[in-house]
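Number of protein chains: 2
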Amino acid sequence: MSPSAPPACDDCLRRTWLIARLAGAIEIARHEKRVLRELLAMPDERLIAVVGDAAGGDVAAELDRVDPAELRAAADAAGLAALCRHHRRYPRLLKYLRDRPAVLFVAAIEEPLERLARLVGDSRNDGRPTVAIVGARRASVEGNEIARALSRSIGALDVTVVSGMALGIDSAAHTGALDAGGGTVAVLAGGADIPYPSSKRSLYRRILEHGCVISEMPPGFTPFKWCFPARNRTIAALGKMTVVVEAAERSGSLITAEVAADLGRDVGAVPGPITSWRSKGANALLHDGAILLRDADDVLDVVIGLDHEPSTDPGAGLPPRLASLMRAVAGGRDTVAALAGTADQAQATLAALTELELHGRLRRAPGGRYVVVPDW
Amino acid sequence: MSPSAPPACDDCLRRTWLIARLAGAIEIARHEKRVLRELLAMPDERLIAVVGDAAGGDVAAELDRVDPAELRAAADAAGLAALCRHHRRYPRLLKYLRDRPAVLFVAAIEEPLERLARLVGDSRNDGRPTVAIVGARRASVEGNEIARALSRSIGALDVTVVSGMALGIDSAAHTGALDAGGGTVAVLAGGADIPYPSSKRSLYRRILEHGCVISEMPPGFTPFKWCFPARNRTIAALGKMTVVVEAAERSGSLITAEVAADLGRDVGAVPGPITSWRSKGANALLHDGAILLRDADDVLDVVIGLDHEPSTDPGAGLPPRLASLMRAVAGGRDTVAALAGTADQAQATLAALTELELHGRLRRAPGGRYVVVPDW
Numbered sequence: 001m002s003p004s005a006p007p008a009c010d011d012c013l014r015r016t017w018l019i020a021r022l023a024g025a026i027e028i029a030r031h032e033k034r035v036l037r038e039l040l041a042m043p044d045e046r047l048i049a050v051v052g053d054a055a056g057g058d059v060a061a062e063l064d065r066v067d068p069a070e071l072r073a074a075a076d077a078a079g080l081a082a083l084c085r086h087h088r089r090y091p092r093l094l095k096y097l098r099d100r101p102a103v104l105f106v107a108a109i110e111e112p113l114e115r116l117a118r119l120v121g122d123s124r125n126d127g128r129p130t131v132a133i134v135g136a137r138r139a140s141v142e143g144n145e146i147a148r149a150l151s152r153s154i155g156a157l158d159v160t161v162v163s164g165m166a167l168g169i170d171s172a173a174h175t176g177a178l179d180a181g182g183g184t185v186a187v188l189a190g191g192a193d194i195p196y197p198s199s200k201r202s203l204y205r206r207i208l209e210h211g212c213v214i215s216e217m218p219p220g221f222t223p224f225k226w227c228f229p230a231r232n233r234t235i236a237a238l239g240k241m242t243v244v245v246e247a248a249e250r251s252g253s254l255i256t257a258e259v260a261a262d263l264g265r266d267v268g269a270v271p272g273p274i275t276s277w278r279s280k281g282a283n284a285l286l287h288d289g290a291i292l293l294r295d296a297d298d299v300l301d302v303v304i305g306l307d308h309e310p311s312t313d314p315g316a317g318l319p320p321r322l323a324s325l326m327r328a329v330a331g332g333r334d335t336v337a338a339l340a341g342t343a344d345q346a347q348a349t350l351a352a353l354t355e356l357e358l359h360g361r362l363r364r365a366p367g368g369r370y371v372v373v374p375d376w
Numbered sequence: 001m002s003p004s005a006p007p008a009c010d011d012c013l014r015r016t017w018l019i020a021r022l023a024g025a026i027e028i029a030r031h032e033k034r035v036l037r038e039l040l041a042m043p044d045e046r047l048i049a050v051v052g053d054a055a056g057g058d059v060a061a062e063l064d065r066v067d068p069a070e071l072r073a074a075a076d077a078a079g080l081a082a083l084c085r086h087h088r089r090y091p092r093l094l095k096y097l098r099d100r101p102a103v104l105f106v107a108a109i110e111e112p113l114e115r116l117a118r119l120v121g122d123s124r125n126d127g128r129p130t131v132a133i134v135g136a137r138r139a140s141v142e143g144n145e146i147a148r149a150l151s152r153s154i155g156a157l158d159v160t161v162v163s164g165m166a167l168g169i170d171s172a173a174h175t176g177a178l179d180a181g182g183g184t185v186a187v188l189a190g191g192a193d194i195p196y197p198s199s200k201r202s203l204y205r206r207i208l209e210h211g212c213v214i215s216e217m218p219p220g221f222t223p224f225k226w227c228f229p230a231r232n233r234t235i236a237a238l239g240k241m242t243v244v245v246e247a248a249e250r251s252g253s254l255i256t257a258e259v260a261a262d263l264g265r266d267v268g269a270v271p272g273p274i275t276s277w278r279s280k281g282a283n284a285l286l287h288d289g290a291i292l293l294r295d296a297d298d299v300l301d302v303v304i305g306l307d308h309e310p311s312t313d314p315g316a317g318l319p320p321r322l323a324s325l326m327r328a329v330a331g332g333r334d335t336v337a338a339l340a341g342t343a344d345q346a347q348a349t350l351a352a353l354t355e356l357e358l359h360g361r362l363r364r365a366p367g368g369r370y371v372v373v374p375d376w
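Protein sequences, first through last, are from chains E and F.
Everything in the first sequence is counted per this note's numbering, starting at 1 for the first residue and increasing by one.
Everything in the second sequence is counted per this note's numbering, starting at 1 for the first residue and increasing by one.
Any given hint might turn out to be false.
Straight-line alpha carbon distances no greater than 25 Å define the calculated SDA-like cross-link-like pairs of lysine to any residue that follow [unchecked claim]:
1. Lys280(E) to Lys95(F)
2. Lys280(E) to Leu97(F)
3. Lys280(F) to Asp344(E)
4. Lys280(F) to Gly79(E)
5. Lys280(F) to Thr275(E)
6. Lys280(E) to Ala149(F)
7. Lys280(E) to Asp295(F)
8. Lys280(E) to His287(F)
9. Lys280(E) to Trp277(F)
10. Lys280(E) to Thr275(F)
11. Lys95(E) to Ala248(F)
12. Lys280(F) to Asp295(E)
13. Lys225(E) to His287(F)
14. Lys280(F) to Asp298(E)
15. Lys280(E) to Ala248(F)
16. Lys225(E) to Val141(F)
17. Lys280(F) to Ile28(E)
18. Lys280(F) to Val302(E)
19. Lys280(F) to Thr342(E)
20. Lys95(F) to Asp126(F)
21. Lys280(E) to Asp126(F)
In case anyone wonders, no lab produced these hints; they're calculated from the structure.
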């Protein structure tokens with residue numbers, strides 16, 4: 001692809017049109033999620049036939065009349081960057097989905113594609129560790145607090161929180177990450193230019209400031225019912241781990257967890273009382289082998305562990321900024337004074353050292369020195 | 001051993017005296033449980049040396065003066081049967097403990113040794129499926145309800161509930177089993193003739209009526225602190241599965257669970273909110289791989305499954321009364337009329353068939369027939 005080529009190719013933009021047409025033509029119930037995934041994985045010709053059968057009309061002729069330039073212009077007008085699966089910026093994490101989105105429409109205040117790559121990686125690099133956090137819309141006060149606190153803790157360590165911006169747990173997860181100054185990605189079932197649900201308009205704006213909102217559906221698109229489970233597969237694929245905080249039986253969060261497990265990703269869940277409907281889904285996942293999560297450390301054990309190559313690099317498994325600090329300490333620059341290049345960096349250095357200490361990577365020693373904790 | 005020999009031999013009775021002497025001489029903290037188990041596994045000579053070192057005095061000479069006949073008489077007077085590890089009535093389940101009790105003192109209203117064998121098996125037969133149910137003394141109302149309901153459900157299916165008669169979960173577990181008309185075994189840290197805690201006097205009496213109270217300590221013995229973790233190892237060993245319903249961090253229930261896991265037995269726990277201290281122990285077990293339990297079926301899946309030899313016996317894994325019914329149905333006697341020998345057995349037969357149906361072993365077919373559900 002030449003450097004001047006747009007990040008979404010004509011074929012993929014046409015496919016987006018076709019998927020949107022599919023959404024309008026075919027009703028799929030939640031329990032038919034395998035059917036949905038089959039449809040989303042179909043090559044264009046088969047999809048044209050299926051949509052034609054369902055909707056009547058000459059879908060192939062309609063598709064011929066679609067002008068990719070118009071879709072590109074519509075995305076531009078809506079402030080969305082369009083990124084197709086053939087482009088080097090397309091996240092490698094999604095490539096494990098046979099039915100991966102043809103195009104991602106990305107909304108962010110500035111440099112959406114660079115930001116997306118930073119948050120969830122691109123076709124060559126996985127970028128920062130990512131965790132999908134999902135759960136009940138009608139969550140309990142405690143559930144929302146848990147999701148928010150968990151996101152805050154992992155967001156502070158440069159772990160990207162991926163969720164669906166739904167009411168309840170999803171929104172709490174995004175909020176926690178933003179509170180910590182961390183990055184977050186919201187995957188919507190409808191167009192990425194439309195805050196959905198509309199009550200989350202101000203959260204949507206905060207995410208645009210510090211993260212990204214993405215969707216595989218075209219700008220302005222109003223989601224049909226099955227767009228939600230379809231969206232869930234993208235959330236699962238973007239998380240190196242999926243975390244479920246409160247979920248009812250047969251809920252969308254369980255679909256996300258199932259996709260994550262199918263992809264071989266770790267699935268964790270926060271347990272709850274066996275007498276509460278809000279815990280039935282999470283407890284069922286745990287019964288079936290999901291990792292029980294009690295706190296942010298239980299999540300970090302998995303996601304930092306995942307990135308952690310068994311090596312003698314004291315910075316292994318850490319985000320770059322913390323990794324270089326670890327290497328410096330191991331190399332003998334072991335005081336705040338020695339580590340902070342200038343006096344006005346002292347505060348930030350101290351904060352990072354404290355972070356490393358809280359996570360058991362460093363221990364404070366007499367004389368203001370820091371030592372690397374062995375056996376990490 | 002000749003048929004007229006008493007069920008506890010002289011050597012084992014002397015050892016009981018020695019263990020009681022050890023309890024008075026040596027303090028062991030909870031975290032020193034490995035030390036405790038080492039001590040309990042020591043041969044007599046080493047134990048004599050250890051107790052002598054700790055207590056001073058000539059322990060060997062004291063032991064020489066112990067008259068097993070007197071201990072036997074004391075047990076008799078307290079209404080306890082004494083059963084040693086060399087006797088054929090000694091439960092095989094305890095033989096997996098290197099530090100198994102030398103003697104079990106057994107209290108029950110009638111035929112204590114026969115009853116014990118029926119409830120937890122003897123040296124040749126494992127008897128009925130057994131589940132150890134343990135948990136917090138300061139349990140929540142919900143926790144107590146869960147333990148009681150769980151015991152009631154499994155007790156009704158002739159699964160023996162083993163516990164420690166402590167306040168809270170233990171007592172709720174015994175009570176549930178008794179409510180269901182099921183069998184239950186209480187393992188005490190002090191003498192089996194003394195209701196401990198004393199507030200559980202009426203539960204103690206109910207257990208004597210329908211189950212057994214056992215202890216490895218001699219009659220009249222008041223427990224020292226380490227007798228409780230010692231007792232817990234016996235509870236764990238008597239359960240083919242150990243179930244923890246509410247447990248704080250570093251609680252006795254976790255010792256029971258650890259012993260069970262060391263013995264290769266299944267460990268299950270009921271999850272709870274991560275914000276409650278009462279759930280920390282159970283959630284930690286679940287984090288480390290214990291089976292998450294949502295209801296009695298989750299327990300029965302394990303314990304009935306454990307007994308279930310992969311065989312073509314349709315009664316495999318079931319208590320004898322239900323197993324013979326399964327075999328009869330498989331053999332073509334497939335109506336209540338055919339199965340109940342006489343008219344007044346019809347009601348009981350119907351109840352047993354319904355039980356088998358509820359557990360998915362049988363299905364009702366047209367014409368009042370029952371069919372064996374395949375693939376169990």
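Hint check results:
1. For the hint linking Lys280(E) to Lys95(F), the alpha-carbon distance of about 39 Å lies beyond 25 Å, and the restraint is violated.
2. Proposed proximity of Lys280(E) and Leu97(F) is contradicted: the alpha carbons are some 37 Å apart, above 25 Å.
3. Restraint check for Lys280(F) and Asp344(E): not satisfied, since their Cα atoms lie roughly 42 Å apart, outside the 25 Å limit.
4. For the hint linking Lys280(F) to Gly79(E), the alpha-carbon distance of about 48 Å lies beyond 25 Å, and the restraint is violated.
5. Among the hinted pairs, Lys280(F) with Thr275(E) is consistent with the structure: their alpha-carbon atoms are about 17 Å apart, no more than 25 Å.
6. Distance check on the hinted pair: Lys280(E) and Ala149(F) sit about 18 Å apart at the alpha-carbon level, within 25 Å; holds.
7. Using a Cα cut-off of 25 Å, the hinted pair Lys280(E) and Asp295(F) holds, with the two alpha carbons roughly 11 Å apart.
8. At most 25 Å may separate the alpha-carbon atoms for a hinted pair to count; Lys280(E) and His287(F) meet this at roughly 17 Å.
9. Distance check on the hinted pair: Lys280(E) and Trp277(F) sit about 21 Å apart at the alpha-carbon level, within 25 Å; holds.
10. Between Lys280(E) and Thr275(F), the direct Cα distance comes to roughly 17 Å. Compliance with the 25 Å bound is thereby established for this hinted pair.
11. Taken as a hint, the Lys95(E) and Ala248(F) pair is broken in the structure, with Cα atoms around 44 Å apart against an allowance of 25 Å.
12. With a C-alpha separation of about 11 Å, the suggested pairing of Lys280(F) with Asp295(E) holds against the 25 Å cut-off.
13. With a C-alpha separation of about 35 Å, the suggested pair Lys225(E) and His287(F) falls outside the 25 Å cut-off, and the hint is violated.
14. A C-alpha spacing of about 13 Å is found between Lys280(F) and Asp298(E), which places the hinted pair at or below 25 Å, so the restraint holds.
15. About 23 Å separates the Cα atoms of Lys280(E) and Ala248(F), which keeps this hinted pair within 25 Å; it holds.
16. In summary, the hint linking Lys225(E) to Val141(F) is not supported, as the alpha carbons are separated by about 41 Å, beyond the 25 Å threshold.
17. Only pairs whose Cα atoms come within 25 Å are accepted, and Lys280(F) paired with Ile28(E) is rejected, the gap being roughly 41 Å.
18. With a C-alpha separation of about 20 Å, the suggested pairing of Lys280(F) with Val302(E) holds against the 25 Å cut-off.
19. For a cut-off of 25 Å, the pair hint linking Lys280(F) to Thr342(E) is broken: about 44 Å separates their Cα positions.
20. With a CA separation close to 11 Å, the supplied pair Lys95(F) and Asp126(F) stays within the 25 Å bound.
21. Under the criterion of a C-alpha separation no larger than 25 Å, the hint pairing Lys280(E) with Asp126(F) is inconsistent with the structure, at around 35 Å.
The structure fails to meet hints 1, 2, 3, 4, 11, 13, 16, 17, 19 and 21 from the earlier list, while all remaining hints are met.
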